[in-house]
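**Q** Chains as they are written, first to last, in the numbering used here: chain A, 485 to 842; chain B, 101 to 454.
Note that these hints are calculated values from the structure, not bench results. Fair warning: this is a prediction, and the values are worked out from it, not measured in the lab. Beta carbons: idealized from backbone N, C-alpha and C, even for Gly. Hints are not guaranteed to be accurate.
Stated by the list, open to error - So, partial list: chain B residues that the calculated Cβ filter (under 10 Å) puts toward chain A:
#, residue
1, Leu241
2, Thr252
3, Leu334
4, Met335
5, Leu378
Unchecked claim - For each label pair, taking beta carbons as the anchor points, the in silico distance ranges come out as:
#, chain 1, residue 1, chain 2, residue 2, range
6, A, Tyr787, B, Ala303, 50 to 60 Å
7, B, Met335, A, Leu504, 56 to 66 Å
8, A, Ile802, B, Arg282, 56 to 66 Å
9, B, Ser203, A, Lys794, 42 to 52 Å
10, A, Tyr787, B, Met320, 37 to 47 Å
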Amino acid sequence: MTGESRRSPRGLRQWLGLLLLVGVLLAVPFVAALGGQAWVRIANFAILYVFLALGLNIVVGYAGLLDLGYVAFYAVGAYCYALLASPHFGIHLPFWVILPFGAALACLFGVLLGAPTLKLRGDYLAIVTLGFGEIIRIFMNNLNAPINITNGAQGITLIDPIRIGEFSFAKTSTLFGISLSGPQKYYFLLVALAALVIVINIRLQNSRIGRAWQAIREDEVAAKACGINTRNIKLLAFAMGASFGGIAGGVFAAMQGFVSPESFSLMESITILAMVVLGGMGHIPGVILGAVLLTGLPEALRYGIEPVQKAVFGRMIIDPESLRMLVFGLALVLVMRFRPAGLWPSSLRRRELSEVTD
Amino acid sequence: MAGAIPSVWPCPPSSFGFPDQSPVFGQQLHESDTLVRPKRFVAESLTMDTLLQQLVNGLTLGAVYALVALGYTMVYGIIGLINFAHGEVVMIGTMVAFTVIVSLAGSGMPPLLILTIGLLIAVVACMVLGWGLERVAYRPLRHAPRLTPLITAIGMSIVLQNVAMIIWGRNYITFPPMIDKRIYEVGGASFTNVQVAIVVLAALVMIGLTYLVQRTRMGMAMRATAQNQHVALLMGVDIDRVIAMAFIIGSALGALAGCMVGSYYEIAHYQMGFMLGLKAFTAAVLGGIGNMAGAMAGGLLLGIIEALGAGYIGDLTGNFLGSHYQDIFAFMVLIIVLMFRPSGLFGERTGDRA
Chain A
485 MTGESRRSPR GLRQWLGLLL LVGVLLAVPF VAALGGQAWV RIANFAILYV FLALGLNIVV
545 GYAGLLDLGY VAFYAVGAYC YALLASPHFG IHLPFWVILP FGAALACLFG VLLGAPTLKL
605 RGDYLAIVTL GFGEIIRIFM NNLNAPINIT NGAQGITLID PIRIGEFSFA KTSTLFGISL
665 SGPQKYYFLL VALAALVIVI NIRLQNSRIG RAWQAIREDE VAAKACGINT RNIKLLAFAM
725 GASFGGIAGG VFAAMQGFVS PESFSLMESI TILAMVVLGG MGHIPGVILG AVLLTGLPEA
785 LRYGIEPVQK AVFGRMIIDP ESLRMLVFGL ALVLVMRFRP AGLWPSSLRR RELSEVTD
Chain B
101 MAGAIPSVWP CPPSSFGFPD QSPVFGQQLH ESDTLVRPKR FVAESLTMDT LLQQLVNGLT
161 LGAVYALVAL GYTMVYGIIG LINFAHGEVV MIGTMVAFTV IVSLAGSGMP PLLILTIGLL
221 IAVVACMVLG WGLERVAYRP LRHAPRLTPL ITAIGMSIVL QNVAMIIWGR NYITFPPMID
281 KRIYEVGGAS FTNVQVAIVV LAALVMIGLT YLVQRTRMGM AMRATAQNQH VALLMGVDID
341 RVIAMAFIIG SALGALAGCM VGSYYEIAHY QMGFMLGLKA FTAAVLGGIG NMAGAMAGGL
401 LLGIIEALGA GYIGDLTGNF LGSHYQDIFA FMVLIIVLMF RPSGLFGERT GDRA
């Protein structure tokens, strides 16, 4: 009886919190639009990165496999969408065919990479995934001759936007009396996709598979001794992370209308990893926070640094672009220096860390 | 000066000036990899001449890789950290040497003396930088989760790159040629005295380093720390000093390698450290990371494989794949080697430590 009465206010608070969250999420695109559509696009990218970071979180945070080539799967998804829905080959398939196909293809690539290399120890795996990411990017960059597949460094343009019947995500249209711009529509699509990923992540975390991943992360030999098929379970983590990357890539291609190898550099992989680690590895709210912060911070700096410099020195002394990246790099160092477990680590990890005495 | 590309450049970095795609990294790492490419001699056919020529080029490149790889492997061997900022230390070394050489160029000193002074100042600057990096970004995090120092390393790498861009600008800078270039021809392969100097100097430094690690007290302390930090501590080894030393020595080697790259390609750029560091790290892993002989062998091997690959890939694939695929070789070889020898060519079998 007491348990019941104690639970209900907490349950109520949770529901209120969720309601508030939904309210904020609904308001964001309209508030951001006040500052111009560019801010809606930034919000979109923040969610896209949340999506990617959560995908990588499965691999790095849950299973403890350091993957420095995650962007390869993102690239596979993006190019898959670009090739199947653009004038480049003259194929225009609808998105609900391509997105699952892209996810499956990325998943296949994940298995292809993972199968021979998953027996490698932590840092060896890191460099192999990194190499794989670079190989994919170099191929995208050069597969324009003798047969033009990826159009090389120029990339693929005029990619179809996501379209449901006559309802295109690229144009402004009025829905239920509310005028929605293209980026705003993508925002809602991305929020829905991100919500799906979050639910999958939460469900995975406490599932049999999720616990197996955690066991492997903590001690692979012990996990094996407990009867976990470590190879298959690790492969599953890789494949699952890869398919999320593939879907994110497809949405990215549709949203931008343009893909080029430039978007899939190693730095992108590293950024996504930084989001996971900075936010709090293996902890879903932490990873989301990390992704939103690391997408937002450089943008905020882009708009913030110029006026500040003008106010302090009276003129532009340092190239704002490099100053922006400088501040970004320093922020990474400082956050990790003072919060080594990430900004919002899971309580379990925090406890582990404080118990270390050596 | 903007984008002035001398003729030694294998091919102009094609992706320059592309629209900014990433909302996070406005300034993308462009094709910085083009900087560390062996000079390309187009192979008409599979002749011995090409083979010899590519071996010579590969040896030069490999010597540079090996020096940089040693910096990675020493740090990794002792504290198990991938020092992502090491490539940037190499870049700063090149830039400092460049600045010193340019400012002394008109002083009437003999060119070789100027080059030596530039090299020494670069080495000292990088030693200080390496020491500072360790103090600021890695030492406070020695007991943090494993990935935390990796992120600070990435952060420092971004910081150093942008500091370099603020100081030296975003254009390529031409490294003034200080040595009169002489070209020798032996058995159909041509090489310059710069290449000879690079290989000889690298060999001498590696012999010196081996002596330092195998024969001196400091070296013994280093090996002890690499084996077991706690026991080394109990035996009276000053762990902090040993770790700082590994960073300092690694950075000095990096500075040397940077000056070599600078005088070989006669060009420098604030992003040059990235791909160079990546390749050198690959070399270190190829040899078995943490193993110094492995780093040297891995570096040489990688250099030669890359050069041979660039020379022959067109022929081997019936011109289907051109030499732009050269960068793939390093990673392909790495993946294949690790599939069969999971701890690198010379690495010991270690337990499964995540």
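**Q** Under 10 Å is the threshold here; is the Cβ of Leu378 of chain B close enough to any Cβ of chain A for the hint to stand?
**A** Cβ of Leu378 of chain B sits 7 Å from chain A, so the hint holds.
**Q** Holds or violated: the 37 to 47 Å window for the beta-carbon distance between Tyr787 of chain A and Met320 of chain B?
**A** This hint is violated: roughly 55 Å between Cβ atoms.
**Q** Can you tell me whether the CB distance of Ile802 of chain A to Arg282 of chain B sits inside 56 to 66 Å?
**A** Since Ile802 of chain A and Arg282 of chain B have Cβ atoms about 43 Å apart, the given range 56 to 66 Å is violated.
**Q** Between Tyr787 of chain A and Ala303 of chain B, does the beta-carbon spacing fit 50 to 60 Å?
**A** holds (53 Å)
**Q** Next item in the hint list is Thr252 of chain B. Is there a CB on chain A closer than 10 Å to its CB?
**A** This interface hint holds because 5 Å falls under the 10 Å limit.
**Q** Given a hint of 56 to 66 Å, does the C-beta separation of Met335 of chain B and Leu504 of chain A actually sit inside it?
**A** holds (59 Å)
**Q** Does Leu334 of chain B pass the interface check with chain A, least Cβ-Cβ distance below 10 Å?
**A** Violated - the Cβ of Leu334 of chain B stays beyond 10 Å from chain A, reaching only about 13 Å at its closest.
**Q** Does the Cβ pair Ser203 of chain B, Lys794 of chain A satisfy 42 to 52 Å?
**A** Check failed, 32 Å falls outside 42 to 52 Å.
**Q** Grab the minimum C-beta distance from Met335 of chain B to chain A and call the hint holds if it beats 10 Å, violated otherwise.
**A** violated (17 Å)
**Q** Return the status of the interface hint for Leu241 of chain B: holds when the least beta-carbon distance to chain A is below 10 Å, violated otherwise.
**A** Interface hint status for Leu241 of chain B: holds (6 Å vs cutoff 10 Å).
The structure shown violates the earlier hints numbered 3, 4, 8, 9, 10.
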